[in-house]
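Q: Each chain is listed here by its residues.
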Amino acid sequence: MKNRKALLPLAVLAAGVLTLSACGSDSGDAGTGGITVPDIPMATEIGEGEGEVNIVAWAGFVEDGTTNPDADWVTAFEEETGCMVNRKVGATSDEMVQLMRTGEYDVVSASGDASLRLIAGGDVQPLNTDLVPNFGNLVEGLKGQVYDTLNGKSYGVPIGRGANVLMYNTEKVTEAPDSWAPTWEADSEFAGQVMAYDSPIFIADAAVYLMATEPDLGIENPYALDEEQLAAAVELLKKQNEIAGEYWNDALKAVSSISTGTASMGTGWQVIVNLAQGDGGPVEAVLPQEGATGWSDTWMVHAEAKNQNCAYQWIDYASAPDVNASISQNFGMAPANELACEGSEANIAHCETFHATDEEYYENVWMWTTPVEQCIDGRTDVTCTNYQQWTEAWTAVKG
Amino acid sequence: MTDTTQTTTAPGSGASTSHRALSRWFYSRPRARLGALLAFPLLWLGVLYIGSLVLLFITAFWKVDTFTSKVIPSFTLYNFTQILTQPAYQLTALRTIGIALAVTLLCAALALPLGLYMAKIASRRVRMILAIGITLPLWAGYLVKVYSWRLSFTNGGPLDWLLAPLGATGPGYGLGALVITLAYLWFPFMAVPVYSAFRQIPQNLFEASADLGGRGWATVWHIALPLLKPAIIAGSIFTFSLSLGDYIAAQFVGGKTQVIGTVIASNINLNPPLAAAFSTVPLVVVIIYLFLARKSGALNHF
Chain A
1 MKNRKALLPL AVLAAGVLTL SACGSDSGDA GTGGITVPDI PMATEIGEGE
51 GEVNIVAWAG FVEDGTTNPD ADWVTAFEEE TGCMVNRKVG ATSDEMVQLM
101 RTGEYDVVSA SGDASLRLIA GGDVQPLNTD LVPNFGNLVE GLKGQVYDTL
151 NGKSYGVPIG RGANVLMYNT EKVTEAPDSW APTWEADSEF AGQVMAYDSP
201 IFIADAAVYL MATEPDLGIE NPYALDEEQL AAAVELLKKQ NEIAGEYWND
251 ALKAVSSIST GTASMGTGWQ VIVNLAQGDG GPVEAVLPQE GATGWSDTWM
301 VHAEAKNQNC AYQWIDYASA PDVNASISQN FGMAPANELA CEGSEANIAH
351 CETFHATDEE YYENVWMWTT PVEQCIDGRT DVTCTNYQQW TEAWTAVKG
Chain B
1 MTDTTQTTTA PGSGASTSHR ALSRWFYSRP RARLGALLAF PLLWLGVLYI
51 GSLVLLFITA FWKVDTFTSK VIPSFTLYNF TQILTQPAYQ LTALRTIGIA
101 LAVTLLCAAL ALPLGLYMAK IASRRVRMIL AIGITLPLWA GYLVKVYSWR
151 LSFTNGGPLD WLLAPLGATG PGYGLGALVI TLAYLWFPFM AVPVYSAFRQ
201 IPQNLFEASA DLGGRGWATV WHIALPLLKP AIIAGSIFTF SLSLGDYIAA
251 QFVGGKTQVI GTVIASNINL NPPLAAAFST VPLVVVIIYL FLARKSGALN
301 HF
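Taken in order, these protein sequences are the chains called A and B. Take the first sequence: its position 4, counting from 1, is numbered 4 in our numbering, and each next residue is one higher. Take the second sequence: its position 295, counting from 1, is numbered 295 in our numbering, and each next residue is one higher.
Derived by calculation from the structure, the hints in this document are not laboratory data. Hints should not be assumed to be uniformly reliable.
Said to hold, decoys possible - In silico DSS-like pairs for lysine-lysine, Cα to Cα no more than 30 angstroms straight-line: (1) A/LYS306 - A/LYS88; (2) A/LYS239 - A/LYS172; (3) A/LYS238 - B/LYS70; (4) A/LYS153 - A/LYS88; (5) A/LYS172 - A/LYS253; (6) A/LYS88 - A/LYS143; (7) B/LYS295 - B/LYS229; (8) A/LYS253 - B/LYS145; (9) A/LYS153 - A/LYS143; (10) A/LYS306 - A/LYS143; (11) A/LYS153 - B/LYS70; (12) B/LYS70 - A/LYS306; (13) A/LYS88 - A/LYS253; (14) B/LYS229 - B/LYS120; (15) A/LYS253 - A/LYS238; (16) A/LYS238 - A/LYS172; (17) A/LYS253 - A/LYS239; (18) A/LYS143 - B/LYS70; (19) B/LYS70 - A/LYS88; (20) B/LYS145 - A/LYS88; (21) A/LYS172 - B/LYS145; (22) B/LYS63 - A/LYS238; (23) A/LYS88 - B/LYS63; (24) A/LYS153 - A/LYS306.
Said to hold, decoys possible - For each label pair, taking beta carbons as the anchor points, the in silico distance ranges come out as: (25) A/LEU150 - B/LEU48: 38 to 44 angstroms; (26) A/GLU242 - B/LEU292: 33 to 39 angstroms; (27) A/LYS306 - B/SER296: 56 to 62 angstroms; (28) A/GLU220 - B/LEU77: 34 to 40 angstroms; (29) A/GLU228 - B/LEU48: 47 to 53 angstroms; (30) A/LYS238 - B/SER296: 40 to 46 angstroms.
Said to hold, decoys possible - A few chain A residues that face chain B, going by a derived Cβ cut-off under 10 angstroms, partial list only: (31) THR92; (32) ASP94; (33) LEU118; (34) ALA120; (35) GLY121; (36) ASN241; (37) GLU246; (38) ASP250; (39) SER256; (40) SER257.
Just so it is clear, CB atoms sit at the ideal spot from N, CA and C, and this is done for glycine as well.
Model the full assembly from the supplied sequences, consistent with the hints where possible.
A: Structure follows, in structure tokens:
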């Protein structure tokens, strides 16, 4: 080692970085189990627009015509309000949470598995729904849900919802299934051709199936699992791993798998079915008798939003019947605004496909909710498992 | 350095008096000279490169709020205990190392005959075409390449179609598909050093071997291979460490295969400390690999 001396400056630099990072660490509030919500004031009025608004959203939610000339509702908003829209597309809920924490964004389209984390983390502010005139027209089933309302305060304005349906390739599966059983049971005739969703939240899908098949476990809500119930779900998922051909977390990947028949059946979104059918793929979907998980997205505003006025204006604009219809039809979900189901043939047909106002349909759908230690099914004698434990369990499932 | 040359080429100009003083100062202090020369690369290496690794390593000892998944800076060995005790993590680490070794062996097995042919047998023209062919994968976008392999392995896709006359089907998505895809992605990093090492072996060594009665394979085995060893090891460092860190190929063609990269990717947002702790695994493996490579003498010419 003739060049040991040359390493000296490196060591000094490394030591410097160490000291800096030690000083720079923000201790913040300590980790707590229950839902303690930071007290953040609510807006009382909408003032003059700031000239821009920064939005983190799912692909297809905020479109200005660049990806598809027919999908453009941002331009009209910009002309109407003078608020220029800067969009950032988020790929996963976890990424969206991370992005909101940078403080660079005013608005997020949060799914239920992200919203509680944002609320409890003090990253989003309670919303004054009086300042969102279109809020009144939102379907009842979406208001005041556990994932966006805490202590009577509303933190999110619903955008739309959808169920995680059972998709199948009609060339491989000739008889329409009405149960999730072939995707879970070891003796499935589709062993090796089952596709599953690649995320810790998929544990809830196992829990939904267990609710129907093993009532002795006493699962009341798939997002409130004690350790024993989580272990049972993990065991079921490990069993599924034996018959699974693939896990997906990218909608386009799922489209190619189910269309080509690489996967015969598996969990998916209605939008995947639509895309597959649009390309002529032999794909159908059902909501099985056991019920399913699902998701509901809401607009949320950052706790210290720099462009709060434009943020409120955006949320109300996006909740208007015509815009809400455009967003939900572009993305492939049930719109949140009842009036988005009226006015045109397309609107009516779309709402029919997605069961927009069919509360009975959604009664059997368990919307994504962040699992927390406080059991949300009301049990107080046990501690439930949190999302961290779910994440660790998910690694174990995939081996 | 530039200062010194300027003062010697333009000694008369007035502006250069301070330059001259500076160069005189540097001239009498060799260490300061070296320091000034290396300041920028060291800053790059030290602060941006090593520094970010150090920061990552520190994060590995922190924990996250179980609910909001915010990072809490307080010392804990929990993440490392998890990695060392959970069978799933151990299995994933071993599987990834196995995949990386398989990719390396596959690349070496393909690079040797190809390198021999290109360096010793092929005409100049064929050699050029092959050289372009080998480096071609470096030109295309990573995702495009991975996605095209995904399409090749599709049920009823091109691979199944090619194998159908033989009564066989492709491997489908899984370990096999992953190894093949990774070997394709990283092959140039093995083929180029092996080829250039073959080029450097003097022709008369082959002739001498033949004169002494050595047949084709004996010559390759006893003469060429020992001389190629450094090149193969150098190439294997690339193929091995690149395979160890890859995760996108695993997501696209790996089916349900979990590798180190996918575990890190799924934890990077939810549990950064665990992701950081797990990312030390490939780091340690590569350090061990480099150490072994150094012992073999392959890195002596660096």
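Q: For each hint, tell me whether it holds in the structure or not.
A: Status of the hints after comparison with the structure:
1. A/LYS306 - A/LYS88: 16 angstroms, holds
2. A/LYS239 - A/LYS172: Holds: A/LYS239 and A/LYS172 sit about 22 angstroms apart, inside 30 angstroms.
3. A/LYS238 - B/LYS70: The hint holds at about 29 angstroms.
4. A/LYS153 - A/LYS88: 27 angstroms, holds
5. A/LYS172 - A/LYS253: OK: A/LYS172 and A/LYS253 at ~19 angstroms, within 30 angstroms.
6. A/LYS88 - A/LYS143: 26 angstroms, holds
7. B/LYS295 - B/LYS229: Given that 30 angstroms is the threshold and the Cα spacing comes to 13 angstroms, the pair holds.
8. A/LYS253 - B/LYS145: The given pair, whose Cα atoms are some 15 angstroms apart, holds under the 30 angstroms limit.
9. A/LYS153 - A/LYS143: It holds: about 11 angstroms lies between the C-alpha atoms, which stays within 30 angstroms.
10. A/LYS306 - A/LYS143: 27 angstroms, holds
11. A/LYS153 - B/LYS70: 23 angstroms, holds
12. B/LYS70 - A/LYS306: 22 angstroms, holds
13. A/LYS88 - A/LYS253: Holds, at roughly 22 angstroms.
14. B/LYS229 - B/LYS120: Holds: B/LYS229 and B/LYS120 sit about 18 angstroms apart, inside 30 angstroms.
15. A/LYS253 - A/LYS238: 22 angstroms, holds
16. A/LYS238 - A/LYS172: 24 angstroms, holds
17. A/LYS253 - A/LYS239: 23 angstroms, holds
18. A/LYS143 - B/LYS70: 28 angstroms, holds
19. B/LYS70 - A/LYS88: 21 angstroms, holds
20. B/LYS145 - A/LYS88: 26 angstroms, holds
21. A/LYS172 - B/LYS145: Since the Cα atoms of A/LYS172 and B/LYS145 sit roughly 29 angstroms apart, the hinted pair holds (cutoff 30 angstroms).
22. B/LYS63 - A/LYS238: Roughly 27 angstroms separates the two Cα atoms, so the pair holds.
23. A/LYS88 - B/LYS63: Measuring from Cα to Cα gives roughly 28 angstroms; hence the hint holds.
24. A/LYS153 - A/LYS306: 22 angstroms, holds
25. A/LEU150 - B/LEU48: 38 to 44 angstroms: Distance hint for A/LEU150, B/LEU48 holds at roughly 42 angstroms.
26. A/GLU242 - B/LEU292: 33 to 39 angstroms: Between A/GLU242 and B/LEU292, where Cβ atoms are some 37 angstroms apart, the hint holds.
27. A/LYS306 - B/SER296: 56 to 62 angstroms: 58 angstroms, holds
28. A/GLU220 - B/LEU77: 34 to 40 angstroms: 37 angstroms, holds
29. A/GLU228 - B/LEU48: 47 to 53 angstroms: Holds: the Cβ-Cβ distance is about 48 angstroms, inside 47 to 53 angstroms.
30. A/LYS238 - B/SER296: 40 to 46 angstroms: 41 angstroms Cβ-Cβ, so the 40 to 46 angstroms window holds.
31. THR92: Holds. Min distance 7 angstroms.
32. ASP94: 3 angstroms, holds
33. LEU118: 8 angstroms, holds
34. ALA120: 5 angstroms, holds
35. GLY121: 4 angstroms, holds
36. ASN241: 6 angstroms, holds
37. GLU246: 5 angstroms, holds
38. ASP250: With Cβ-Cβ at 8 angstroms, under 10 angstroms, it holds.
39. SER256: At about 7 angstroms, which falls below the 10 angstroms cut-off, the nearest Cβ of chain B leaves the hint on A/SER256 intact, so it holds.
40. SER257: 8 angstroms, holds
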